[in-house]
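Q: Sequence:
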Amino acid sequence: SYRYEGLEERVFVIEPENINPEDYEKIGEDVQRILHYVPAQLWVEVIKRPIYRLKADKNALKPHICQAEAPNPVIGGGHVAADMLAQIVIDKFRDHLPEYRQVKRYEDLGMKLPT
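Each residue of the sequence shown is one higher than the one before, starting from 1 at the first, in the numbering used here.
Treat the hints as calculated values from the structure; they're not laboratory data.
Quick list of simulated restraints, FRET-style, between CB atoms: (1) Leu113 with Pro50: 26 to 32 Å; (2) Asn18 with Arg101: 49 to 55 Å; (3) Gln32 with Leu109: 26 to 32 Å; (4) Val74 with Arg10: 29 to 35 Å.
Capping the alpha-carbon separation at 20 Å, the derived lysine to aspartate or glutamate pairs in EDC-like fashion look like this: (5) Lys104 with Asp91; (6) Lys48 with Glu69; (7) Lys92 with Asp108; (8) Lys104 with Asp83; (9) Lys112 with Asp83; (10) Lys112 with Glu45; (11) Lys112 with Asp91; (12) Lys92 with Glu107; (13) Lys112 with Glu99; (14) Lys26 with Glu15.
Only a predicted model underlies this, so the values are computations on that prediction, with no experimental measurement involved.
Note that beta-carbon positions come from the ideal geometry of N, C-alpha and C, so glycine has one too.
With the sequences and hints as input, model every part of the structure.
A: Laid out in structure tokens, this is it:
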């Protein structure tokens with residue numbers, strides 16, 4: 001038998017149709033467990049940093065402009081998050097997954113990577 005300890009369970013109860021539950025007594029139940037797999041998902045964090053000009057300086061030659069600092073990237077270029085880098089390292093060094101197979105995995109998730 002398969003073991004499911006530690007996995008999330010989503011329980012669905014299917015009741016018989018067209019009966020009045022008050023007229024019946026529950027004497028047992030059949031349980032069926034079906035293992036589901038949801039593949040990894042990629043998502044993009046979009047960081048917008050508005051640029052503001054002081055209203056009082058509207059007609060000034062050098063108006064006061066301000067903008068929030070950009071967050072520090074994990075690595076130069078800042079196009080991937082720490083979780084993505086961690087997955088690449090795990091795939092490469094722990095799972096010994098070659099680059100072409102990693103690229104294929106990400107293509108299956110909708111991300112086209114140059115090789």
